[in-house]
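2 protein chains.
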Amino acid sequence: MAEQEGITVKKSENFSEWFHEIIHKAGLIDQRFPLQGFLVFNWYGLEIHEAYMEYLEKLYKKNGYKKYYFPTLIPEKLLATEAAHIRGFHDQVFWITQGGEKQLEERIALRPTSETPMYEMFKLWIRSYKDLPIKIFQTTSVFRYETKHTRPLIRDREIFWNEAHSVHENLEGINKHVKEVVEIYAKLFDFCAIPVTFIDVVTGVFAGAIQAIEPYTIFPDGKVLEMGSVNNLGQKFSRAFGVKFLKKNGASEFVYQGSYGVSERILAAIAAIHGDDKGIILPPTVAPIQAIIVPIFGKDDDKVIKYCKDAKKVLENNFRVDLDIDRDETPGWKFNHYEMLGVPLRIEVGSKELKSKSITIVRRDKKLKQTIKLKDYSKRIKILLEDIQKNLYNTANTKMKEKMSEAKELNELKKILKERGGLVKTEWCGSKECSDNIKSETEGGELIGILYGKKETPKGKCIWCKEKSKHVVYCGKAY
Amino acid sequence: MAEQEGITVKKSENFSEWFHEIIHKAGLIDQRFPLQGFLVFNWYGLEIHEAYMEYLEKLYKKNGYKKYYFPTLIPEKLLATEAAHIRGFHDQVFWITQGGEKQLEERIALRPTSETPMYEMFKLWIRSYKDLPIKIFQTTSVFRYETKHTRPLIRDREIFWNEAHSVHENLEGINKHVKEVVEIYAKLFDFCAIPVTFIDVVTGVFAGAIQAIEPYTIFPDGKVLEMGSVNNLGQKFSRAFGVKFLKKNGASEFVYQGSYGVSERILAAIAAIHGDDKGIILPPTVAPIQAIIVPIFGKDDDKVIKYCKDAKKVLENNFRVDLDIDRDETPGWKFNHYEMLGVPLRIEVGSKELKSKSITIVRRDKKLKQTIKLKDYSKRIKILLEDIQKNLYNTANTKMKEKMSEAKELNELKKILKERGGLVKTEWCGSKECSDNIKSETEGGELIGILYGKKETPKGKCIWCKEKSKHVVYCGKAY
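Chains as they are written, first to last, in this note's numbering: chain R, 1 to 479; chain F, 1 to 479.
Hints listed in this document are in silico derivations from the structure and should not be mistaken for laboratory results.
Because the structure is a prediction, the values reported are computed rather than measured.
You may find that some hints are simply not true.
As a list, the in silico BS3-like pairs of lysine-lysine whose alpha-carbon atoms are at most 25 angstroms apart [as the list claims (entries may be wrong)]:
#: 1; chain 1: R; residue 1: 130; chain 2: F; residue 2: 25
#: 2; chain 1: F; residue 1: 306; chain 2: R; residue 2: 62
#: 3; chain 1: R; residue 1: 309; chain 2: F; residue 2: 58
#: 4; chain 1: F; residue 1: 278; chain 2: F; residue 2: 390
#: 5; chain 1: F; residue 1: 244; chain 2: F; residue 2: 179
#: 6; chain 1: F; residue 1: 61; chain 2: R; residue 2: 306
#: 7; chain 1: F; residue 1: 25; chain 2: R; residue 2: 67
#: 8; chain 1: R; residue 1: 313; chain 2: F; residue 2: 67
#: 9; chain 1: F; residue 1: 58; chain 2: R; residue 2: 313
#: 10; chain 1: R; residue 1: 403; chain 2: R; residue 2: 415
#: 11; chain 1: F; residue 1: 135; chain 2: R; residue 2: 25
#: 12; chain 1: F; residue 1: 61; chain 2: R; residue 2: 334
#: 13; chain 1: R; residue 1: 61; chain 2: F; residue 2: 312
#: 14; chain 1: R; residue 1: 369; chain 2: R; residue 2: 312
#: 15; chain 1: R; residue 1: 66; chain 2: F; residue 2: 390
#: 16; chain 1: F; residue 1: 62; chain 2: R; residue 2: 306
#: 17; chain 1: F; residue 1: 313; chain 2: F; residue 2: 382
#: 18; chain 1: R; residue 1: 62; chain 2: F; residue 2: 334
#: 19; chain 1: R; residue 1: 66; chain 2: F; residue 2: 312
#: 20; chain 1: R; residue 1: 312; chain 2: F; residue 2: 352
#: 21; chain 1: F; residue 1: 379; chain 2: R; residue 2: 312
#: 22; chain 1: F; residue 1: 334; chain 2: F; residue 2: 278
#: 23; chain 1: R; residue 1: 102; chain 2: F; residue 2: 61
#: 24; chain 1: R; residue 1: 61; chain 2: F; residue 2: 306
#: 25; chain 1: R; residue 1: 61; chain 2: F; residue 2: 390
#: 26; chain 1: R; residue 1: 58; chain 2: F; residue 2: 313
#: 27; chain 1: R; residue 1: 135; chain 2: F; residue 2: 25
Chain R is nowhere near these chain F residues, computed Cβ spacing over 10 angstroms in every case [to be verified]:
#: 28; residue: 91
#: 29; residue: 355
#: 30; residue: 397
The beta-carbon is built from N, C-alpha and C at its ideal position, and this holds for glycine as well.
Just chain R, with the same shape it has in the complex (with noise of 0.2 angstroms):
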């Protein structure tokens, strides 16, 4: 399905039009479907998507949590309860408002998240502390009548995601929890070998939330781009929505919740992180191919369709893996469409192998080529593809701290946002006017929020102001 022909431009020279080209020709996903932000996900890209997705889903199991499932349609009212309270989502919702031919009486929506269907079960499900903690997650995808441009696994209108929800007893409950979500959501990037920094936001906070915490990751443009969310709502929404449960001693108190979300911009930093001019390079964990064995035909060639056979039945058992054996197409042909594909290790099985009673490995990461004798094949893979992991992170690593930079004037903040994006740490006074400013004068520069994590102490001047600081800030352009 992916087409054959490589990437017409380079990834250092325009990174859109090459992230554009990388995504559809690596056959991730499709986005001809004639509907304007909604695409098609290809059987590579959407096993990517539930690689990570499953080992997600595991580490909420580990952490008590339960898989559920909630109607994607919500009718008007519960949307509503909400937008009284909070904050409306009817901007960015999808109306239905016939059903058949007729004209429905309430319109309904389609889910833009979860909060409100599931706090309004939460009411029939929750009586003392003996139903709480409640932790839920359901892995679907969400609706948004997007009005900003649109862009494939980045701003999607049908989202693909994972949204876990918590409720507790007192605010040392969420508080608590919180941490615990930060370090699933690290361990669930490290698995995918993207590196982010979590920032505690200041400015764009989720509607309800009395906290969140955002991972972030800067993309090869220099744009960082938002990869998930961790709500601490407090009682903001219980209050709302009347979630009260009897405590111990008797009495009656509105419960604690949170909510945490990451998407499909999972697999496009995926590709936009790791792919160059030859295609995407998939991190190991998430590879549906993480060998492919390809056989160099000429002499004794039922000879290496044995071998190659033989090769493949042993290293299933612990990899996947598999091989290129039936397709028309010329060695070189097909090691093009792999390296397109991202496929971890390439395995060439020619006469030169079956003679020497070995296998040629060649590494997608860093198109080293080595030959192994067959006896310890299956170890040395396995150590091949733990390094190329290593090494996936590592490289993307250093070239998000090459992006992470100081201002301290607001000429130098221009200038780096300009020259080379990044997450830009520099100092501010608290006041929307002068964050409103700097994103004014920056020509898009968002005070993000601060470090999670780690308390930096304000020593100096608000870059824009010159009052006395308040914030260590981090800046930059999203996405």
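Let chain R serve as the given structure and place chain F on it in line with the hints.
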């Protein structure tokens, strides 16, 4: 989350009421979501659903299928292409007409099924015979604005399902493949211990199909339930959508297609068919908990706890096992609770078991109690679970066979359908007028179709008009 009180009506006395109670009290779903026809899937119901869907996905993948994901939303013009040539789904579609507060220029449908979006993409994907066959599936939900009375898990407006689609070069290709999908479905129902009869449908074939094969099961109330559909579409859709391919000889031809679906009705059937007055009874293959360990406290409590934990540690290597130890409830309460949940095996551990170095096991299906020695309990549990699986299938199959009968006269057919329902074999001339008359006279008895896979030659007369019969057909009152 499940209510703790027992079922208040007997299965044999009021099946419908019993079914509604059981699916709620066993914690499968919550039907209190405030939108008609939309359910919350609790973790327990969702894990069962995912267990059989994962099994199905594995079977498909083994058969060369790949998992895809197509958008939930379909622009009206795609559905219109179908409507013009085949049939409109328009009377069953939820329509989106607004994005935010903006009126959309074109209505967008929630997918009622995915033929139209898929076939639109197939046009882009298929050039020549080299691109065939295509075999893909997705596990997702579909939306139907049902005007009939909704029933949880049987007729919902958001339906969990798996739909598979295949594209072939010629009629032989699709005909052969349809048989393979029937075999896959047979394995799936066997996995769930649900006996089915595959019917080659003569009335009510899926719009656009040249042949529809549907597995039917019989519910305890005598009504029959369509459990899925295997549709041979021939070239009907490809002609409507213009999906062509270049043959080896260079000629251009329309492709041959099939579409196949099974749904959450499997969960309904598992609950309805195997359950009893104490709750549901789960086939071990799909049970989220295959064995529950319940400690019996009295004396030696610390030792009992350790004994239980050790047993869990050993068993969880091979089984899905849980230990109910922290909850402040009596053993009797717990026994009732896990019987309601249909956990196949209960393991009791008290000081008696401690002394004799054994465990006491109670089967959920036969309520048999036995004490077995510690040294071989892992092996014994495996045998017991296999036996429960077989017993559930055999019991269900015996009951189904009791409800399969034959009628040569109309009065006999009326009597059988009225008194015990089921599938009644009879003969028919093939005229629509006769089948309509039979349906009206029997108050709902449909001539569903002929037996699939085994030719039954008509020898008598049409049960209605007494003319020479053309088909040996199966008649039943369907949900």
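Structure-based check of each hint:
no. : hint          : verdict
1   : R:130 / F:25  : 18 angstroms, holds
2   : F:306 / R:62  : 22 angstroms, holds
3   : R:309 / F:58  : 22 angstroms, holds
4   : F:278 / F:390 : 20 angstroms, holds
5   : F:244 / F:179 : 24 angstroms, holds
6   : F:61 / R:306  : 24 angstroms, holds
7   : F:25 / R:67   : 18 angstroms, holds
8   : R:313 / F:67  : 24 angstroms, holds
9   : F:58 / R:313  : 19 angstroms, holds
10  : R:403 / R:415 : 13 angstroms, holds
11  : F:135 / R:25  : 20 angstroms, holds
12  : F:61 / R:334  : 23 angstroms, holds
13  : R:61 / F:312  : 18 angstroms, holds
14  : R:369 / R:312 : 19 angstroms, holds
15  : R:66 / F:390  : 30 angstroms, violated
16  : F:62 / R:306  : 22 angstroms, holds
17  : F:313 / F:382 : 16 angstroms, holds
18  : R:62 / F:334  : 24 angstroms, holds
19  : R:66 / F:312  : 20 angstroms, holds
20  : R:312 / F:352 : 53 angstroms, violated
21  : F:379 / R:312 : 33 angstroms, violated
22  : F:334 / F:278 : 13 angstroms, holds
23  : R:102 / F:61  : 41 angstroms, violated
24  : R:61 / F:306  : 24 angstroms, holds
25  : R:61 / F:390  : 31 angstroms, violated
26  : R:58 / F:313  : 19 angstroms, holds
27  : R:135 / F:25  : 20 angstroms, holds
28  : 91            : 4 angstroms, violated
29  : 355           : 34 angstroms, holds
30  : 397           : 31 angstroms, holds
In this structure, the hints that do not hold are numbers 15, 20, 21, 23, 25, 28, in rising order.
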